[in-house]
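**Student:** These are the residues of each chain, in order.
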Amino acid sequence: MDGLGVMDVMDVEGTASQHMSKAEELEIHTEDIPDGIIVRPTGEIDLSCAALLRQRLGKIQESQPSRLVIDLSAVPYMDSSGVATLVEAMQIARRTGSKLVLCALQQKVRSIFEIARLDMVFSIVGSVEEASAL
Amino acid sequence: MADLTTEPEVQLRMFSQPRFLAAVRALVGTMAQRLGFNEMQCGQISLAVDEALCNVITHGYDRKPDGQLWISIWALPGTPTGLKIVIEDLANQVDPAAIQPRDLDDIRPGGLGVHIIREVMDEVTWERRSPEGMRLTMIKRV
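For the protein sequence lines, the chains are Z and U, in the order given.
Residue numbering for the first sequence follows numbering that gives the first Met the number 0, beginning at 0 and increasing consecutively.
Residue numbering for the second sequence follows numbering that gives the first Met the number 0, beginning at 0 and increasing consecutively.
Some hints could be false.
Just the calculated beta-carbon pair ranges, DEER-fashion [as the list claims (entries may be wrong)]:
{"no.": "1", "chain 1": "Z", "residue 1": "V120", "chain 2": "U", "residue 2": "T57", "range": "19 to 25 Å"}
{"no.": "2", "chain 1": "Z", "residue 1": "Q63", "chain 2": "U", "residue 2": "I106", "range": "17 to 23 Å"}
{"no.": "3", "chain 1": "U", "residue 1": "R128", "chain 2": "Z", "residue 2": "P33", "range": "54 to 60 Å"}
{"no.": "4", "chain 1": "U", "residue 1": "D61", "chain 2": "Z", "residue 2": "Q63", "range": "33 to 39 Å"}
{"no.": "5", "chain 1": "U", "residue 1": "R101", "chain 2": "Z", "residue 2": "G96", "range": "26 to 32 Å"}
{"no.": "6", "chain 1": "U", "residue 1": "W69", "chain 2": "Z", "residue 2": "V120", "range": "35 to 41 Å"}
{"no.": "7", "chain 1": "Z", "residue 1": "R94", "chain 2": "U", "residue 2": "R101", "range": "20 to 26 Å"}
{"no.": "8", "chain 1": "U", "residue 1": "G110", "chain 2": "Z", "residue 2": "K98", "range": "24 to 30 Å"}
{"no.": "9", "chain 1": "U", "residue 1": "R107", "chain 2": "Z", "residue 2": "Q63", "range": "17 to 23 Å"}
{"no.": "10", "chain 1": "U", "residue 1": "T80", "chain 2": "Z", "residue 2": "S72", "range": "33 to 39 Å"}
Just a sample of chain U residues kept apart from chain Z, beta carbon distances all over 10 Å, derived [said to hold, decoys possible]:
{"no.": "11", "residue": "M13"}
{"no.": "12", "residue": "A97"}
{"no.": "13", "residue": "I138"}
In short, the hints are calculated from the structure, not lab data.
Here a beta-carbon is modelled for each residue, glycine too, at the ideal position from N, C-alpha and C.
Can you make the complete structure from the sequences, with help from the hints?
**Tutor:** And the structure:
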């Protein structure tokens with residue numbers, strides 16, 4: 000298995016591109032939108048794979064998208080290493096003037112943001128549509 | 000409190016490798032469910048155990064993959080029942096009094112594990128093992 004490498008790249012001229020990486024049990028898909036990018040992790044995010052998410056977000060943020068939407072609808076579990084990764088991404092976004100929005104958190108994932116009292120620090124909305132309109 | 004002299008209902012050993020965390024979470028969550036915790040509580044108990052193991056792997060064993068951890072789980076007798084979970088290791092010892100949650104107003108990556116463990120569990124105690132390593136005892140009642 001090619002670990003961190005891009006497994007599939009599909010570009011549609013003038014509209015969108017999708018990329019997918021896979022390591023351990025976490026997959027990360029991305030989709031271009033007119034003013035930024037949507038990142039869609041799929042799988043549990045813990046210490047075994049948070050570094051992959053950190054690496055992908057860091058790479059994406061190098062291009063300083065106006066809007067970075069992280070769709071967590073397919074993330075059933077996240078521990079504090081995942082939260083730390085998102086806090087770091089938020090701090091980079093603030094430095095670069097980018098808008099970072101988390102959306103579609105499952106209740107168990109939302110729970111860790113509440114326990115860490117970060118639910119009022121992040122922009123968290125219910126859907127990708129809301130995140131794109133924010 | 001469960002009597003530590005009794006054998007735990009479940010006991011397992013793992014190496015300090017994050018890829019095994021998911022298996023431990025599944026075990027702990029399932030056991031919590033069987034004892035009557037609701038779905039959200041099961042998830043939070045698994046999270047607390049995950050955070051405790053991550054702390055040992057990251058700070059105790061400095062991410063070396065060959066460290067050993069033992070997880071022992073007791074069902075608390077009586078009503079309401081609950082769980083007693085003990086995590087032991089042979090890792091670097093630290094002063095238990097120095098294990099404190101950080102200021103949550105300081106928004107920065109990392110350092111949330113101790114806060115999460117204390118927030119989720121009813122009782123949390125760190126102590127030095129003799130002659131080496133640390134022991135974390137966590138109790139959660141239904």
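**Student:** Each hint should be assessed against the structure and marked as holding or not.
**Tutor:** Hints, one by one, checked against the model:
In this structure the hint that V120 (chain Z) and T57 (chain U) lie 19 to 25 Å apart at CB holds, the actual value being about 23 Å. Between Q63 (chain Z) and I106 (chain U) the Cβ separation comes to about 21 Å, which falls inside the hinted range of 17 to 23 Å. For R128 (chain U) and P33 (chain Z), the Cβ-Cβ distance of about 57 Å falls inside the hinted range of 54 to 60 Å, so the restraint holds. The hinted window of 33 to 39 Å between D61 (chain U) and Q63 (chain Z) holds, with their beta carbons roughly 35 Å apart.
Evaluation of the 26 to 32 Å hint for R101 (chain U) and G96 (chain Z) yields a pass: the beta carbon distance comes to about 28 Å. Between W69 (chain U) and V120 (chain Z) the C-beta distance comes to about 36 Å, which sits within the given range of 35 to 41 Å. Range check, R94 (chain Z) to R101 (chain U): Cβ separation about 22 Å, and the 20 to 26 Å hint holds. G110 (chain U) and K98 (chain Z) have their C-beta atoms about 26 Å apart, which keeps the hinted 24 to 30 Å range intact.
Take R107 (chain U) and Q63 (chain Z): their Cβ atoms lie about 22 Å apart, and the range 17 to 23 Å holds. Look at T80 (chain U) against S72 (chain Z): about 35 Å separates their beta carbons, and that is inside 33 to 39 Å. Remark: the non-interface label on M13 (chain U) is consistent with the geometry, its nearest Cβ contact in chain Z lying 13 Å away (cut-off 10 Å). Distance check for A97 (chain U) against chain Z: the nearest CB is about 19 Å away, which clears 10 Å, and the non-interface claim stands.
The beta carbon of I138 (chain U) sits about 18 Å from the closest Cβ of chain Z, which is more than 10 Å, so the claim that it is off the interface holds.
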